[in-house]
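Protein chains: 2
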Amino acid sequence: MEVVRDAPIDCPIGVLTGPNFAHEVAKGLPAAAVVASVDADLREMVLARLGTPGFRLYGNDDPIGAQLGGAAKNVIAIAAGAVMGAGLGENARAALVTRGLRELCRLAVALGGRAETVMGLSGLGDLLLTCTGPASRNFSLGYALGQGEGLASILASRSAVTEGVSTAVALVARAGEVELPICRAVAALLAGSKTLDQAIIDLLSRPQRDE
Amino acid sequence: MEVVRDAPIDCPIGVLTGPNFAHEVAKGLPAAAVVASVDADLREMVLARLGTPGFRLYGNDDPIGAQLGGAAKNVIAIAAGAVMGAGLGENARAALVTRGLRELCRLAVALGGRAETVMGLSGLGDLLLTCTGPASRNFSLGYALGQGEGLASILASRSAVTEGVSTAVALVARAGEVELPICRAVAALLAGSKTLDQAIIDLLSRPQRDE
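Residue numbers (my numbering), protein chains in the order written: chain A, 350 to 560; chain B, 350 to 560.
What the hints contain is simulated information worked out from the structure, not anything from laboratory work.
No experiment lies behind these values; they were computed from the predicted model shown.
A portion of the hints provided could be inaccurate.
No distinction is drawn between identical chains; accordingly, a pair holds when it is met within one copy or between any pair of copies.
[Stated by the list, open to error] When the alpha-carbon atoms are kept at most 20 Å apart in a straight line, the in silico SDA-like pairs for lysine to any residue are as follows:
1. Lys543 - Ala459
2. Lys376 - Arg455
3. Lys543 - Ala371
4. Lys376 - Arg558
5. Lys543 - Leu396
6. Lys376 - Ala356
7. Lys376 - Ala435
8. Lys376 - Gly436
9. Lys376 - Leu500
10. Lys543 - Arg507
11. Lys376 - Asp546
12. Lys543 - Val352
13. Lys376 - Gly438
14. Lys376 - Ser554
15. Lys543 - Leu553
16. Lys543 - Arg455
17. Lys543 - Leu504
18. Lys376 - Ile550
19. Lys543 - Leu399
20. Lys376 - Gly403
21. Lys543 - Arg555
22. Lys376 - Ala501
23. Lys376 - Leu553
24. Lys543 - Ile503
25. Lys376 - Pro556
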């Protein structure tokens, strides 16, 4: 939306995002998504024109949180893939995704959005799609990293863009002092400044704390 | 904890819960869990004695939310299984689990707990384990329902307890006026008062709303 806002257009803008594999939507299978905008008229108009019983739309006045959830989930998906690729198991993945979402909530609040948005269809919903199956490009990139393959070799073998790689860098650059151990570990892993083993040790040796 | 509190014992009590497949913990793979108690000394003691780098414990002073998350997630897992068994796809499952967690948050608040707890390791973390694979008894029961098998026949074929079946009834009984469309649909499905097709139509034809 920052990019669009800089464009020479003059109309209300918003975000449509959520856990939607396009091929399922095309088949008419049921799905849900978020229409996020500070403009209530725009939200209502999109809900009325695009919403159907099979494509359920929910209004949300927090486009910052909705955008963050949709983008940053790719970073957590890389981490989840790395955990599974390294054979750490499903308990570890569940803990990592849960704690990763907590990081995204903190970041949303720091950037002026709301935690609840990230715990909705954008963010949590997205992660339920992308962190559980190799169908996700970000998850599969993480999986390959977890199995010991190098980033350059993984990227050379695929033509599609793996968004999380650039998102991780952008996200950490915007985060300031926000506590984001998992996102920072992914950025360091992708930058080659930390090995996977070191990243895992660092995450597990953090002090115990309240949830 | 209500049951324990009625027993003739006199000591602080708490809850240890989280997304932990026992066989992975036994192998020494990393996992995380919540120690929930209103007694800060008890929390600290359990964290100090049971926590290790590979078994990360997080303190939480909301045992109501922690108990609800650990129990009620089984009801959402049945719903997620039914969606997959009926062939509705991964978009539908992601939407259902996200909206199902929102229901559990509302219920936690109504019962005196906190939404954030249910969005943590107990609740969300649990759901990440149980809603994605047939390894979960609740998910697989829902899956069989989704494929058209009857509840009596499913229960007759298994010796292990499928907790969500009784939890669904108990949860709705405690819910009062709280808006729980997915949990109530599962209870009605299990009670035979609604068919799967009717439950799906009812959920999809609810009015559009804010997230």
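Task: Contradicted hints - numbers only - done: 1, 2, 3, 4, 5, 6, 9, 10, 12, 16, 19, 22, 25
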